[in-house]
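Asks: Residues per chain, in single letters:
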Amino acid sequence: GAVVSQHPSRVICKSGTSVKIECRSLDFQATTMFWYRQFPKQSLMLMATSNEGSKATYEQGVEKDKFLINHASLTLSTLTVTSAHPEDSSFYICSARAPAGGLDNSPLHFGNGTRLTVT
Amino acid sequence: DQQVKQNSPSLSVQEGRISILNCDYTNSMFDYFLWYKKYPAEGPTFLISISSIKDKNEDGRFTVFLNKSAKHLSLHIVPSQPGDSAVYFCAARPSDSGNTPLVFGKGTRLSVIA
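Quick mapping for you: the protein sequence lines, in order, are chains A and B. Taking the numbering used here, I'd label the letters of the first sequence as residues 1 to 119. Taking the numbering used here, I'd label the letters of the second sequence as residues 1 to 114.
Hints listed in this document are in silico derivations from the structure and should not be mistaken for laboratory results. Hints are supplied without guarantee of correctness; some may be wrong.
Stated by the list, open to error - Pairwise CB distance ranges, derived in the manner of DEER restraints:
no.	chain 1	residue 1	chain 2	residue 2	range
1	A	5	B	70	20 to 26 Å
2	A	74	B	18	39 to 45 Å
3	B	16	A	15	48 to 54 Å
4	A	7	B	45	29 to 35 Å
5	A	31	B	79	38 to 44 Å
Think of the CB as a built atom: it goes at the ideal place given N, C-alpha and C, for glycine as much as any other residue.
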């Protein structure tokens with residue numbers, strides 16, 4: 001089945017540094033990937049839609065200069081948390097939909113997430 | 001404004017019995033619904049889905065029921081097993097070419113007691 005790989009699974013960084021999270025679709029090409037964020041006991045909140053070869057679409061309230069998204073190829077999207085602060089500590093999850101052609105009701109497949117802790 | 005609501009944050013069920021997880025939505029444009037299962041520190045795993053042209057979809061121990069007029073869906077797990085203990089997320093979106101993201105509920109933590 002479709003697999004999405006996310007790396008790293010866990011990262012601890014100091015305040016002010018930047019962290020890059022990679023999301024790869026392993027056995028399919030994804031023109032669109034989605035980045036979600038989850039706070040403890042909360043829902044998965046969409047941060048942005050990553051589009052291959054074009055700019056990402058950010059949800060309201062998400063700072064595009066802080067959360068840089070690059071979708072450089074059909075199998076790789078990266079999320080860079082720039083100048084991280086403790087309030088950026090969260091669980092970040094990427095997802096992609098394996099294409100089924102035409103109108104597509106195939107489910108999203110998720111990476112295993114990245115636990116970011118900013119000290 | 002929450003478009004997908006899971007009003008029960010937690011549910012405990014005895015092993016072997018039926019687990020029923022509920023989900024309500026407000027956006028009438030939604031016509032594709034999914035359930036995901038999530039363990040701690042892992043990404044969600046797709047469980048089962050249903051499109052609005054159906055009112056029931058079954059896959060092994062998992063059945064999803066959709067009541068469009070009530071904007072309500074439910075996930076039935078029977079018989080429940082201890083390994084089913086996880087957080088279950090309901091998600092929805094309009095049918096499209098694949099570029100519309102899912103909207104998730106807050107999740108229901110299911111505990112299956114042996």
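Asks: With reference to the structure, classify each hint as holding or not holding.
Replies: Verification of the supplied hints:
1. Between residue 5 of chain A and residue 70 of chain B the C-beta distance comes to about 39 Å, which lies outside the given range of 20 to 26 Å.
2. The hinted window of 39 to 45 Å between residue 74 of chain A and residue 18 of chain B holds, with their beta carbons roughly 43 Å apart.
3. The given range of 48 to 54 Å is respected by residue 16 of chain B and residue 15 of chain A, whose C-beta atoms sit roughly 50 Å from each other.
4. As the Cβ distance of residue 7 of chain A to residue 45 of chain B is approximately 18 Å, the hint placing it in 29 to 35 Å is violated.
5. At roughly 41 Å, the beta-carbon separation of residue 31 of chain A and residue 79 of chain B lies within the given 38 to 44 Å, and the hint holds.
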